[in-house]
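Colleague: With the hints as extra help, turn the sequences into a complete structure.
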Amino acid sequence: MLEESPIFLILIKNMDEIKAIRFAVEILKEMMPDDCGELMEKKFNILLKQIKDRGIEEVFREWLDEDEEVILSP
11 MLEESPIFLI LIKNMDEIKA IRFAVEILKE MMPDDCGELM EKKFNILLKQ IKDRGIEEVF
71 REWLDEDEEV ILSP
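Numbering (this note's numbering), first residue to last: 11 to 84.
Among the hints, erroneous ones may be present.
[Claimed, not checked] Distance condition first, Cα-Cα at most 30 Å in a straight line; then the derived DSS-like pairs of lysine-lysine: (1) K29 to K52; (2) K62 to K52; (3) K39 to K59; (4) K29 to K62; (5) K39 to K62; (6) K39 to K53; (7) K52 to K39; (8) K29 to K53; (9) K29 to K59; (10) K39 to K29.
[As the list claims (entries may be wrong)] Distance windows between CB atoms, simulated: (11) L74 to L49: 20 to 26 Å; (12) D75 to N55: 21 to 27 Å; (13) R71 to R32: 30 to 36 Å; (14) P43 to D75: 26 to 32 Å; (15) E51 to D26: 31 to 37 Å; (16) R64 to P43: 20 to 26 Å.
Read the hints as simulated data drawn from the structure, not as lab findings.
All values reported here derive from a predicted model rather than from experimental measurement.
Ideal placement from N, C-alpha and C gives every residue a C-beta, glycine not left out.
Modeller: Next comes the structure, spelled out in structure tokens:
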């Protein structure tokens, strides 16, 4: 079954993380002037593409400039 597939579970986990990040970005966007919010949304879309292409842990590790494993809390 698809629900038991490891790839499916990884996709679901990443989607939950992406939704959480999107929610945080929406809150920040509402706090900013309109022109800043638009720029932030463009940068967020770039970040989402990187997460989809390389995975959230790798993107965070690069952003933090660390070689060690990034542990995401539930």
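Colleague: Now look at each hint and say whether the structure bears it out.
Modeller: Do the hints match the structure? See the list:
1. K29 to K52: Answer holds: K29 to K52 is near 16 Å, not above 30 Å.
2. K62 to K52: holds (16 Å)
3. K39 to K59: With a Cα-Cα distance of about 19 Å, the restraint between K39 and K59 holds, given a limit of 30 Å.
4. K29 to K62: OK: K29 and K62 at ~12 Å, within 30 Å.
5. K39 to K62: OK: K39 and K62 at ~22 Å, within 30 Å.
6. K39 to K53: holds (12 Å)
7. K52 to K39: Holds, at roughly 11 Å.
8. K29 to K53: This hinted pair holds, its Cα atoms lying about 16 Å apart.
9. K29 to K59: Roughly 13 Å separates the two Cα atoms, so the pair holds.
10. K39 to K29: OK: K39 and K29 at ~15 Å, within 30 Å.
11. L74 to L49: 20 to 26 Å: With Cβ atoms ~22 Å apart, the hint holds.
12. D75 to N55: 21 to 27 Å: Holds - the Cβ-Cβ distance for D75 and N55, about 22 Å, lies within 21 to 27 Å.
13. R71 to R32: 30 to 36 Å: Between R71 and R32, where Cβ atoms are some 20 Å apart, the hint is violated.
14. P43 to D75: 26 to 32 Å: holds (29 Å)
15. E51 to D26: 31 to 37 Å: Cβ of E51 to Cβ of D26: about 21 Å, so the range 31 to 37 Å is violated.
16. R64 to P43: 20 to 26 Å: violated (31 Å)
Going through the hint list in order, the structure does not satisfy hints 13, 15 and 16.
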